Amino acid sequence: LTSKIWLGLSLCAAAAVTSWVSCSHDPVVQEQIDALPAEDANGPSELHRPGQPCVLCHSDYEGAEPALAVGGTVWQQSPISFLLAPVEGVFVTVYDSAGASQKACTNAAGNFFVRLEDWPDAKFPLTVQVGNRFMRSLIGRDRSCAGCHKLATKTRVERDPALDPSTGAGHDSAGAILVDPAAVPAEERCGPNPASAASSTTSATGGGSGGAGGAGGTGGGA
Amino acid sequence: MIRVTIAALALVGAVLVAPACLDDPEARQTVLCPNEAIFSAYVSPLMERRCGMLDCHGNFQRPMRLYGELGLRHPKELNRTGENATTPAELTANYNAVCGLEPELVTEVASQPGGQAVNKLLLVRKGRGQEGHKGGNVFTAFDDADLCVVGWLRGDNVKSVYQACQRALDKLPGRFDLPPP
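Protein sequence lines correspond, in order, to chains A and B.
According to this note's numbering, the residues represented by the first sequence are 1 to 222, in order.
According to this note's numbering, the residues represented by the second sequence are 1001 to 1181, in order.
One chain only, chain B, in its complex shape (with noise of 0.2 Å):
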């Protein structure tokens, strides 16, 4: 009797935890990530010269990969390295990598535009060398390539995330000219 009592009750709690383990289409969360069009623009220029080496970033076996001109190109495209400017697939797919990285803590970021948050970003953590990485320290806190990047995250003004964009490209080879805001 105490078998089936037992038998019966986990039979019932069986049919209880079983819809939580459903997937709820209504439980998806939206990303958020902040401004595309000034990534595209100032942000994903910098970080494809950067850290979209083909020995770094541009690799395809790369979690976060970056794709563009002077790196890996888009598999669905017939552009080389070297050859032709950066698509606007490839700009897409860089602003998914960056921002599909931690989705939750970019989504915190994007809501509290100036906020503390970036700062625990693996993004932000990894190109200052606060975090193991194997390309080193890429930039520090308040350096020109820093106020890029971190810029765009804290939803800084365009006019000072191009310009800290800009000069951070001129310390690299060759001459890339932003487009002013």
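For reference, chain A alone in the conformation it holds in the complex (with noise of 0.2 Å):
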């Protein structure tokens, strides 16, 4: 008797166990954390990873704090080298379909999130203003701006016939957030460094991976 009552018990933990790691994991969502870059030399924090899509982990599913209701990148591109910067001190503001809005100034990576706590019933689809750009197009459901707004890989690029290499933008993808410093209005400027002329490039610089030094604004309800 005793040993059936341990082996109910171990079909009883057997079972538990496999609903609960079924339950916890989704293949998709694991594949995309799966093939992220490594983390950058620093480790965490909000200048880390930009052009990534901030909510795969900053969700309940990966559990990084802090959990995300929007996040992403925004960038310039040198007019001479094509290839892109980080534009610091511009607020992006997202609005909701019930005509809420959350505002977030841009870091020093280019990095912008509202966490999840600031704005937790966003209702979709949103629109998006970057300085002086809208968004002509709707978010349906991604909270990860960078889920759309892809960077070039080598993976696209070889996929893609269409991509352009220094953006990203494709067939399946509009590319990086792009906005001209030189070109946002003042009231769309903050932070500590706001966006301006003097923060325009023109010349070669990396983009893509790892944050500069410096902070950036971020969050803030309107």
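Calculated from the structure, these hints are not laboratory results.
As the structure is a prediction and not an experimental result, all values here were calculated from the model.
We treat Cβ as the ideally placed atom computed from N, Cα and C, and that holds for glycine.
Be a bit skeptical, because a hint or two may be false.
The list that follows gives simulated cross-link-like pairs (lysine to any residue, SDA-like), each with its CA atoms no further than 20 Å apart [unchecked claim]:
#: 1; chain 1: A; residue 1: Lys-123; chain 2: B; residue 2: Lys-1171
#: 2; chain 1: B; residue 1: Lys-1076; chain 2: A; residue 2: Val-28
#: 3; chain 1: B; residue 1: Lys-1126; chain 2: B; residue 2: Thr-1140
#: 4; chain 1: B; residue 1: Lys-1076; chain 2: A; residue 2: Ala-162
#: 5; chain 1: A; residue 1: Lys-154; chain 2: A; residue 2: Ala-38
#: 6; chain 1: B; residue 1: Lys-1171; chain 2: A; residue 2: Arg-133
#: 7; chain 1: B; residue 1: Lys-1171; chain 2: A; residue 2: Pro-161
#: 8; chain 1: B; residue 1: Lys-1171; chain 2: A; residue 2: Val-28
#: 9; chain 1: B; residue 1: Lys-1134; chain 2: A; residue 2: Lys-103
#: 10; chain 1: B; residue 1: Lys-1171; chain 2: B; residue 2: Asp-1144
#: 11; chain 1: A; residue 1: Lys-103; chain 2: A; residue 2: Val-28
#: 12; chain 1: A; residue 1: Lys-123; chain 2: B; residue 2: Gly-1132
#: 13; chain 1: B; residue 1: Lys-1171; chain 2: A; residue 2: Pro-165
#: 14; chain 1: B; residue 1: Lys-1126; chain 2: A; residue 2: Ser-97
#: 15; chain 1: B; residue 1: Lys-1171; chain 2: A; residue 2: Val-128
#: 16; chain 1: A; residue 1: Lys-123; chain 2: B; residue 2: Pro-1173
#: 17; chain 1: B; residue 1: Lys-1076; chain 2: A; residue 2: Pro-165
#: 18; chain 1: A; residue 1: Lys-103; chain 2: A; residue 2: Pro-165
#: 19; chain 1: B; residue 1: Lys-1171; chain 2: A; residue 2: Ala-98
#: 20; chain 1: B; residue 1: Lys-1171; chain 2: A; residue 2: Arg-141
#: 21; chain 1: B; residue 1: Lys-1171; chain 2: A; residue 2: Asp-96
#: 22; chain 1: A; residue 1: Lys-123; chain 2: B; residue 2: Lys-1134
#: 23; chain 1: B; residue 1: Lys-1076; chain 2: A; residue 2: His-25
#: 24; chain 1: B; residue 1: Lys-1134; chain 2: A; residue 2: Ala-183
#: 25; chain 1: B; residue 1: Lys-1126; chain 2: B; residue 2: Asp-1144
To be clear about the criterion: a stretch of chain A counts as covered by chain B if any three or more of its residues have a C-beta under 8 Å from a C-beta of chain B, and this derived list gives those stretches [as the list claims (entries may be wrong)]:
#: 26; region: 121 to 127
#: 27; region: 136 to 145
#: 28; region: 156 to 166
#: 29; region: 173 to 179
Build the complex: two chains, separate frames, hints provided.
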């Protein structure tokens, strides 16, 4: 009898473990997380992983803190080298379908984000304004801007004959979120180093990995 | 003797049944779908913008995949998201995606313009939020987007479809003027 009890308990435990694993594992999301580049040398911070889909990890699934309602990276493109550089000090305003909005300011890495606790009930679809630019399409459900605004990668260059290797625009992406700091109206500038003509790139700068030093403001309701 | 009889009967049965499993080319059905020109001119622009975002139906993995200027671009062309207007190949692909979702039912809808079958279509039920839909309730019965899509399916007057689609588009970001009929 004791052995039967133990067998029953073992089966129950096995079933519980199996169901927990299957409920907490999403192969689609996990594959995307596994495909992300290695963490920045300085480790996680608000400046880390510019251009990567923030909410893959900053979500209930992966549990990275803080959980984000929306997040992304703003870039400028050098007119000479066509390389990307982060844009610091520009407001990103996200509007939801219920008429609510949130403003976030890009930091030194070009990153911006709105914490989930500040906007737990954002109603999709969303629209976005960055500096003087308005997004022409709607955001249906992806809280990571980089889910659609993808940078160029080796795999994408190989697969997409239309891909712009500078911005990442191609068949399935509008590419990097681009803003000309010189064209940002004064009321859309923010943070300790507001975007300005002086911060506009005229020479080659790298983009796509690692954040520069300095701090940028983030969050803030509207 | 009994075994031989059973075996013989089984063989005869198999021979009789086998042709029923063969593909009969004459049995292919033609799928009817409402007017393609009206879809391309008025309905597709709305669906591209409201449903075909890159994170929704503008995704390669979606069964009802929509192409368009602001979303996914046709893989056999060299356009990029946000550049160049939606192409004829993309409009055709969108039409086929919408019509191919439920071919038998859409044939019934097209065969009986003005009929009630339109309310059974997954396209309409999902759009209205009456069926599980990750994008939620995209339109409600008799609002402009509904009158645009359902009006086209139902075979409504082209002018009313145009007007409904234009009004629905006017509520979305950016300005997009449809060509008057």
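Hint numbers contradicted by this structure: Result: hints 2, 7, 8, 9, 11, 13, 18, 23 and 24 break, sorted rising.
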